[in-house]
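Enquirer: One letter stands for each residue in the lines below.
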Amino acid sequence: MTLLDVAGLSVRRADGRDLVRDLSFTLAPGERLGLIGESGSGKSLTALAVMGLLPAGMTAHGSVTLAGTQVVGARDKELDRVRGRRVGVVFQEPLTALDPLMRVGRQIAGPIRRRRGLRGAPLRAAVAAALGEVRLPESLARAYPHEISGGQRQRVAIAMALACEPEVLIADEPTTALDVTVQAEILTLLDRLVAGRDMALLFISHDLAVVADVADRVIVLKDGSGVESGRTRDIVREPRHPYTRALVDSARALEGALDRLAP
Amino acid sequence: MKGPTEVLAAREVGFAYRGGRPVLEDVSVSVTTGRNLALVGESGAGKTTLLRLLLGLARPTAGQVLFDGAPIAPRDRAFRRAVQPVFQDPYSSLDPRQRVERIVSEPLRSLGLLSGSRAARREEAADRVAEALRSVELPADAARRYPHEFSGGQRQRIAIARAIVCRPRVLLADEPVSALDVSTRARVVELLAGLAESHGLTVVVVSHDLSLVAALCAETAVIEQGRVVEQGATADVLGSPAHPYTRKLIASVPRLSRAARLR
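Chains U and G supply the protein sequences, listed in that same order.
For what it's worth, the UniProt record's numbering labels the leading residue of the first sequence as 1, then goes sequentially.
For what it's worth, the UniProt record's numbering labels the leading residue of the second sequence as 1, then goes sequentially.
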């Protein structure tokens, strides 16, 4: 069974330029796929196209089948049956992903109420459980986003994404805005949650070392095209495309000095 | 040959906003000629505040900042010429309406380093800008262009050119590569290391990126919650960390050499 089937996806700007070109990949339950590329490679646009959330002026071409629904060309009403329910998403910057005027608990309650039809005490209990799953205390439900740390905000965003028990989780640079120790905690949390629910994960990052920690397979994107794909282990150990080789080399060069001092 | 001399130092400095908790407490660090220094810690640790004190942009509420052994006078031109900043985000630190030549030559004008007739001053400025752009490996025609015509890595090179045009002794860089892609990051780190060698510059970087620290800095001070918890030679601090927080930082760095999916 394939949860996500992307075939010949292109993302076109109004002026006719393709920002993503002819990209194809599939994702099955429990699989973890990394999309790696540098800024401007089209990795975030790919995530948005998969969700049917492209910004105005951009159009998707080709085919994206998400949990059996064709996303390309679909109306919002059809997509609402999929988005948030079958697929959840976590973005890079939790401060902009959360509503600044709403307490954290209410934001997590929203999707749970819609999906499971809970009200009152059972809803509050479900919110507390959702917070517990991302290792946050129940008392945090009363806080506004600005009152908590960046790592806590990203945990809240993850709790919201998982509230509807989606089969696919898309994480677009979920740790890029965070400190390195917080990044490590969030990656561990994601790993545990994805494994525990046997979710499929589409993990987007510019950081090869992070992707190599999370994803079993990887697609390397450059200027909107996939230049190489395969098992993460093979790609990192024996990159074939010159661009992939350059990515691996610069990652190794950067960490080389640290490896020598603190192996 | 002269022995190592202390250019810049913080002596038991503290800093607090009026009515607020202390941002820094009893911090002492010393910048010695030729020994690049890293100030390492997470957001909110106080490392940027320390950098601002070293730059004379803020006054400590306790202790002293010394330049060449004497308390700093932030408006003293000799100090401003000797100690130059490079900021984190090359997208916001360069004036978009000015050509690169104007941006890079600004310190020459504001520090009154140009002399002679108007034509002579203009010629000297052009020469110095060309030299600075060469040092950061940008093409000479960059001078006539605007910041938006450059990539993030190139913009950071422009910011570095602006900082070195007045031939400073110390470069204070706040997260100089964290806004850049990994491959660009490696090249900017190389550039900074090269400049330190060739221009007799001592670089002080604020960073949470230990790969950068290991590659660039001989000395490291680890700051946690406004206090220095560990400092010394980078090889010792990273090689045999004594403080639990330092150990946690090192363990959190994503590295290909430790990636789970590569084992």
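Keep in mind that the hints were calculated from the coordinates and are not lab data.
In this text, all values refer to a predicted model and were calculated from it rather than measured experimentally.
Careful: at least some of the hints might be erroneous.
[Unchecked claim] Some chain G residues close to chain U (C-beta under 10 angstroms, calculated; not the full set):
hint: 1; residue: Val-29
hint: 2; residue: Thr-33
hint: 3; residue: Arg-35
hint: 4; residue: Ser-43
hint: 5; residue: Thr-184
hint: 6; residue: Leu-195
hint: 7; residue: Thr-234
hint: 8; residue: Pro-254
From the three backbone atoms N, C-alpha and C, an ideal C-beta is built for every residue, glycine too.
Enquirer: Grab the minimum C-beta distance from G:Thr-184 to chain U and call the hint holds if it beats 10 angstroms, violated otherwise.
Expert: Given a least distance of 8 angstroms, the restraint on G:Thr-184 holds.
Enquirer: Answer holds if the nearest beta-carbon of chain U is closer than 10 angstroms to that of G:Leu-195; otherwise answer violated.
Expert: violated (17 angstroms)
Enquirer: So, G:Thr-234 near chain U? Judge it on the closest CB pair being under 10 angstroms.
Expert: holds (7 angstroms)
Enquirer: May I ask you to test the interface hint for G:Thr-33 with respect to chain U, counting a Cβ-Cβ separation under 10 angstroms as satisfied?
Expert: violated (22 angstroms)
Enquirer: When the nearest CB of chain U is found for G:Val-29, is that gap smaller than 10 angstroms?
Expert: It is violated, given that the least Cβ distance between G:Val-29 and chain U is near 20 angstroms, above 10 angstroms.
Enquirer: Can G:Arg-35 be said to touch chain U, with a Cβ gap under 10 angstroms?
Expert: It is violated, given that the least Cβ distance between G:Arg-35 and chain U is near 16 angstroms, above 10 angstroms.
Enquirer: May I ask you to test the interface hint for G:Ser-43 with respect to chain U, counting a Cβ-Cβ separation under 10 angstroms as satisfied?
Expert: holds (6 angstroms)
Enquirer: With 10 angstroms as the cut and Cβ atoms as the points, is G:Pro-254 at the interface with chain U?
Expert: Check passed: Cβ of G:Pro-254 comes within 4 angstroms of chain U, closer than 10 angstroms.
When each numbered hint is compared with the structure, violations occur for hints 1, 2, 3 and 6.
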